[in-house]
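J.: Kindly generate the complete structure, drawing on both the sequences and the hints.
First to last, the protein sequences are chains X and W.
Residue numbering for the first sequence follows the UniProt record's numbering, starting at 1 and increasing by one per position.
Residue numbering for the second sequence follows the UniProt record's numbering, starting at 1 and increasing by one per position.
None of these hints come from the bench; they were simulated from the model.
We treat Cβ as the ideally placed atom computed from N, Cα and C, and that holds for glycine.
Take these hints with a grain of salt, some might be off.
Some chain W residues judged to face chain X by a derived CB distance under 7 Å, without partners named [said to hold, decoys possible]:
(1) 64
(2) 106
(3) 253
Spelled out, the chains give:
Number of protein chains: 2
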Amino acid sequence: MADEIVEVALGEAFETTKKALMAVGWGEPEAAIQAEVMVAAETCGNNQGLVKMYQPQLMAPAPGSAAPVVERVTDTSSVLNGMQSPGMLALKAAVDIAITKSKGGVATVGVYNTSTSSGQLAWYGAQAAKAGRVVIITANSPEFVAAKPGAKASFGTNPLCFACPVEGREPFVFDMSTAAVALFGVLKCKATGTPLPEQSAYNAAGEWTTDVSDIHIGGGGGAIANFGGHKGVGLALMVELLCAALSGGAVLGQVESKKTAKSWGHHVIAIDPDAMVDGFAARAASIIQTVAASHPEGVRLPGDSSMAIAKINIEKGTIPVPKKVWDVLIETCAKAP
Amino acid sequence: MADEIVEVALGEAFETTKKALMAVGWGEPEAAIQAEVMVAAETCGNNQGLVKMYQPQLMAPAPGSAAPVVERVTDTSSVLNGMQSPGMLALKAAVDIAITKSKGGVATVGVYNTSTSSGQLAWYGAQAAKAGRVVIITANSPEFVAAKPGAKASFGTNPLCFACPVEGREPFVFDMSTAAVALFGVLKCKATGTPLPEQSAYNAAGEWTTDVSDIHIGGGGGAIANFGGHKGVGLALMVELLCAALSGGAVLGQVESKKTAKSWGHHVIAIDPDAMVDGFAARAASIIQTVAASHPEGVRLPGDSSMAIAKINIEKGTIPVPKKVWDVLIETCAKAP
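T.: Shown next, in the form of structure tokens:
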């Protein structure tokens, strides 16, 4: 896919995305949050950016949806009913609550009943870390990932994100899928006709495949594999238990499928490091610098690559956007009521 | 190492271990906790069991050590100074605090300044889950694990444990090392003269090795590898940031080495699921059963193997103990003052 790329000024990318979201039915505050998340992803080279807007009607408010509602609350926890709002809005609200409630200690927030993925967890992790928090955020999703060759898919790609403030630099943000390849990686291979990475997926017969047409997300056989063998399965199951069992999302075995139940779950744990230790950010910086310098040629750590791409884009003030995506955004704005 | 094995009644194993610990200087309550942890490990086939008592003087109270002291406390968090007590005593105290403080919400507890490993985190995770909590426990340790081939060791084997209650069965306990092989795995290969697993360790030149004599824990080159490539490195770094930076343990770059600083760190997050959702244990059971049944031949999940071994031992009422370890325990008891 030799996509033509246009370089778009950061401010223009945000304003245009926001206007396009308003054109499909969002109010300005909701449009602004979603535009910020997608432009931020595009800025750091993440594949969950403006491509989400390629089919704008899919980004419109879901019929019968409403703003997330806090349903259960204690001094240290909240559970949000996402009311079928997009994951981006519900998780942003959840992280904001977790930041506030964890001041001087720890708080946990669950989210269920959202209609779409929240995009990269890294953005939400970075927000919490910029607010001074150490944070663990997890997300589950429909049945894409099988626990072993030939198994029925059970897990989503079930990402785990850890973020914290670091003295003298941007926050440390580690955002990993517990699957061997993220869903957007599969979609990208499909779009570009490239093979899947080795040992990242099974066909319907339960054999390893690199042929993306063997993978029928949501039924018909074939599935993404877990990363990292039995440890990866354990991590995916941990995420499932936090996001579905604990946060109120659709529970495997209690619904026909998570896909038809349309309830994506998230779980957030936020800790105020000042409650536990003096000078956390400096301590974190020392650890990260020491690990990074532990090899003569340096060690590349989680987030380094994203930070480097973001730095380049922010310095030149523009981001590269596939022209066909940008054209859709402009067209959508033009159709605004 | 064709060790002769003796079958010891569970009660006798506990009482003898407790007496041996009292003989090397512990009071009864501290001896009882450590005996319980080690006998439980032996019961489920874990390699951090009674073998710890093979050199009993190493298990004596460290000179100048004292009972753990709570140094910082908020409504939702505590930090324990381990006062150079063993990890088993400090982490048990931390988990007890986390269980109590998390009632109706969430709590976090850090531990630093302990003199030894706590043994398998699974035991502590199970205690919290039996008390009804969803729990994440992490631990760091001295420099055994290198972030890439040829790098200086930075991390401990930095395990991560997740546990939760499950309706109708024992708790779900997932306890993984973020290293390719656990420290006791290396020591076992050394003792038995067997090669290390493939791609689990580097020699001093930074090449993969399966020769355990290439690994000089604590200096001299060679190191254990992280599991799971860059994701494993990210997980190990997350554990390091939670247990050293956040919990007050020795910080890489701020000490000559964690080994000489002798400060092992732990971090506990406990959540009362009743604060967030109704029927958590039944929801967890449904998820676990569905994943386990997702393949016609079943899927083996974390903890299954340990539970099966423990069931056999508990039903027959005895545990297999290497005779040379048991002989040491008996001798140590005989020397009691």
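J.: A separate judgement is required for each hint: does it hold in the structure or not?
T.: Evaluated hints:
Look at residue 64(W): its Cβ only gets to about 23 Å from chain X, farther than 7 Å, so that hint breaks. Hint status for residue 106(W): holds, given a least beta-carbon distance of 4 Å to chain X, under 7 Å. The criterion of a C-beta within 7 Å of any C-beta in chain X is met by residue 253(W), whose closest approach is roughly 4 Å, and the hint holds.
Violation of the numbered hints given earlier is confined to hint 1; every other hint is satisfied by the structure.
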